[in-house]
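Based on the hints, put chain C in the right spot on chain A.
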Amino acid sequence: MTDTLVEIRNLWLEGRSDEQWNPIINGVDLTLKRGEVMGLIGESGAGKSTLGLAAMGFCRDGVRISNGSVKFDGIDLLTASAATKRGLLGKRIAYVAQSAAASFNPAHKIIDQHVEGPTQHNVMSRAESEADGMALYEKLRLPDPEKIGFRYPHQVSGGQLQRAMTAMAMACRPDLIIFDEPTTALDVTTQIEVLASIRDIVKDFDTAAIYITHDLAVVAQMADQIKVLLKGDEVETADTRTMLSAPTQDYTKSLWAVRSFERPLKAPVVAGSVPVVSVQNVDAAYGKAKVLHDVSFDMHQGRTVAVVGESGSGKSTTARCITGLLPPTSGQISFGGEVMPADYRKRSKDQLRQVQMIYQMADTALNPRMSIGQIIARPVEFYLGLKGREKRAKVDALLEQIELEPSQYYNRLPSELSGGQKQRIGIARALAAEPKFIICDEVTSALDQLVAEGILRLLAKLQDDLKLSYMFITHDLATVRAIADEVVVMKDGRVVEAGPKAEMFQPPHHPYTDLLLSSVPEMDPDWLTNLLDQRGVDNIGDSAVGKM
Amino acid sequence: MSALFSIALWLGAIAVAAWLFRRLGQYASDNAPRFRDMSYGVAFGYVLGVAAIVWLALAYVASLSSDTAVANKFFFLGMAINGFLVFAAAAWVFRWLGRKIGTAGTRKLFRAMPLTASFGVLIILIYAIFSVFAGVIAPYGQDEILQGVAANIVPGGDPNLGGNPDFPLGTDQIGRDIMSRLIYGAQNTVGIAFATTLLAFFLGGSLGFLAAVVGGWTDQVLSRGVDVLMAIPSLIFALLLMTIASVWSSRLGIPLTVFMVLIIAVIDSTRVFRLARAVGQNIVVMDYIEAAKLRGEGMGYLVFREILPNATAPLLAEFGLRFCFVFLTIAALSFLGVGIQPPLADWGTMVRDSAAFINYAQFAPKAALTPLLAAGAIALLTVAVNFVVDWMLHRSSGLKE
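Which chain is which? The protein sequence lines are A and C, in order. Here the first sequence is numbered in the working numbering, starting from 1 and rising by one per residue. Here the second sequence is numbered in the working numbering, starting from 1001 and rising by one per residue.
Where hints are given, some of them may not hold.
Unchecked claim - Covered, in the sense of this in silico footprint (three residues per stretch, anywhere, with C-beta under 8 Å from a C-beta of chain A), are these stretches of chain C: (1) 1030-1037; (2) 1280-1289; (3) 1293-1302; (4) 1306-1314.
Said to hold, decoys possible - In silico lysine-lysine, DSS-like type, Cα no more than 25 Å apart, as pairs: (5) K266(A) - K501(A); (6) K33(A) - K91(A); (7) K349(A) - K467(A); (8) K346(A) - K1293(C); (9) K349(A) - K1293(C); (10) K203(A) - K139(A); (11) K394(A) - K1293(C); (12) K349(A) - K394(A); (13) K461(A) - K501(A); (14) K91(A) - K71(A); (15) K91(A) - K203(A); (16) K391(A) - K1293(C); (17) K109(A) - K147(A); (18) K1366(C) - K1073(C); (19) K85(A) - K71(A); (20) K436(A) - K349(A); (21) K436(A) - K1293(C); (22) K387(A) - K1293(C).
Treat the hints as calculated values from the structure; they're not laboratory data. Every residue, glycine too, gets a C-beta built ideally from N, C-alpha and C.
Chain A extracted, bound-state conformation (with noise of 0.2 Å):
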């Protein structure tokens, strides 16, 4: 028996689009040995997953591998027969999905999935598969093991479900883990706690993983070697102390530093100005749930507000109230130091157009079927009435103004743009209205680090030019310490802590505000270890949010 698992040699993967074959992978080599968890990391379109799934020796559709070869435990997977890749797949290789609600069938219990593998594969009976799933959901903290195996996936919380799915995966007691991107959808604090259990586990039984992420501060907790992919180019690998403190390549470089952006602080809010927007005591329901509870805060003009919390905590009710798509049930919004109507059908033209939005996910924000020119051009025309020659300059100056060049992108459609390209339009759009507030709702969450970046900076740049606020809602304590100038920290519909950035990153904080602060992964690879051990497993994340 070899000390190396997994051996991948000058692998080559094509997917097929527009008619031909265009290279995913060129020629990466890869070796895992036994137990050892190897961090994958890269923007999204460098081949990560691709290449976390020719580790089983499978493609998705409309990919192949040209060239190379795949060795699991000395069998190479891409001439075995599909009898022999049915035997390893789910016994010896096991695979967890980034989104576990997405992967579990909804029509059956979570307990009868998580068998399905054993049974199958006669490792275990199904009794013998029930009881070690009860045991493997207690070794990962969940709650009620011998009972929540009985519910249906949609009963459980998307935390807890990627650890189930996590236990699944280790029904088999697998030699392989393929964990793709597993707690990217999830909040902050529970995101500690899945992290903490998988690697608990992981290590526990040896298994040997690679962990897709395109977060560094996770892969960095994670992994013991890290290796970076570019473009389906391998840029370097090290272990993980040499790859944080001392990375080779530029590229690498520009990861780490992406980190690094902070914008100078400004001066103090002179006492007695009237703030651009100002919500009053605002209450909100949704039909009988009531989901803001006496909210208030200002936003003062060319200044940044991040209003941070995790899901469900009422941050984008507080920015529908704000638009008028959710009328307040009492309380008020100001805008300047006039009331507003608290539905957006009774504003004025003038008053929509001083409050504009930028959403979370650009694909959804985009009118598919128009043009670029026509999304930015629309918002020109119906407020600033410009026509012809004019709207077309005014559009031109906008795009200028979001880095894109005109002539390029102004007959193209969404589709043909990538994710940072398509939330710089949406940025264009609301700039289009010549607002003097803007709503940013977790504009950077769905992009690439790098990506990011570049549109938090133009952000800054927007707004020290126009003198804007921005109202920036986000669950990235990153991004708040990058932009923010206050921030404002929400829990259940309540504003739970807020001031300026400087007090609010500075101790004492509310018991909440310090819990959120703690559950941010930092770069330093024994983080997660001397966090856990300052306060032990049950003091982290969702469990210690519970006992507030």
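Leaving out everything else, chain C in the frame of chain A:
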């Protein structure tokens, strides 16, 4: 019983052949992955496909046999194979021409076109030409009873079998030229069906989107109203309304056809409403609709500029199907005597008028062809429209593979 036994025997033989095929493949190709990982079902499929093609080829040869008893048995199959080959060739030639002639834009369109789509476009073009120039192309009038010509001349133009070379598709029971009536039928049936479907889509589509955007009470009232209309069996409802309309039409002096178009359009628009509302609701929750609403856009802009372009794919697919259903409804109403009124030529009526001839299929297949001509015209257009719609759907949905 013997038929069942022979089917079982054939299937058994194919099953054995499939096993042999896979085994031999593995042996001959030195266990290449293609044969090694081939499941038994796939091997069975290959052999079954080959068997079906061999049988079709044998049947085609039999249909050309000089023995009339044998030839008659396979007459329709032979015709179908002939038709398939001719149309496939025509579609290929049409596409080849399209790639050579025309502007850069149309040439590019033809280059990306599958054969099914070029077949569909060709057929629709031919029908369009026939319906526009029916008066010029048709040798006789649609209601012209030809003096001194026998009724019920068999199609084919072979005097030995009761045909007449002057009337290649024969004459009907009162001596009208069937070819002329088929050509005029394109004008009447297709034109009316097209107008009806368009109207149904305009009505159902705009109301459906309105219900999706406004929601609340408007949605409830419209949707429940549609539910009521849908609860009544559509053909019986149409029949009832047509009976009422026939009284009005004589009193008001408006042709009954106008009423028919309106009635079928309203009844069919309920199905379109359902679809448009469902599709619209999925689009309305998108952020770009919210952005447009917050901009202060009016209802017209929201429905026609933001929602409609994103709903074209499912609506187009529905259009293809709906067009065929409207077609069949008109034929059914004509059959019951309240649709397109004689002496106007209509394919549905023509099928009904000569339906009895289908009984001759066993010994005089050419005589049985008479009702099938009009039915074939309906079927061909249906297939063509659906091919084109499939292709448009494929293009607009951005599916590459």
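Structure-based check of all given hints:
no. : hint                : in the structure
1   : 1030-1037           : holds (count 3)
2   : 1280-1289           : holds (count 3)
3   : 1293-1302           : holds (count 5)
4   : 1306-1314           : holds (count 3)
5   : K266(A) - K501(A)   : holds (10 Å)
6   : K33(A) - K91(A)     : holds (18 Å)
7   : K349(A) - K467(A)   : holds (21 Å)
8   : K346(A) - K1293(C)  : holds (12 Å)
9   : K349(A) - K1293(C)  : holds (11 Å)
10  : K203(A) - K139(A)   : holds (12 Å)
11  : K394(A) - K1293(C)  : holds (22 Å)
12  : K349(A) - K394(A)   : holds (20 Å)
13  : K461(A) - K501(A)   : holds (19 Å)
14  : K91(A) - K71(A)     : holds (16 Å)
15  : K91(A) - K203(A)    : holds (18 Å)
16  : K391(A) - K1293(C)  : holds (21 Å)
17  : K109(A) - K147(A)   : holds (11 Å)
18  : K1366(C) - K1073(C) : holds (12 Å)
19  : K85(A) - K71(A)     : holds (12 Å)
20  : K436(A) - K349(A)   : holds (14 Å)
21  : K436(A) - K1293(C)  : holds (19 Å)
22  : K387(A) - K1293(C)  : holds (22 Å)
Violated hints for the displayed structure: none, as all numbered hints are satisfied.
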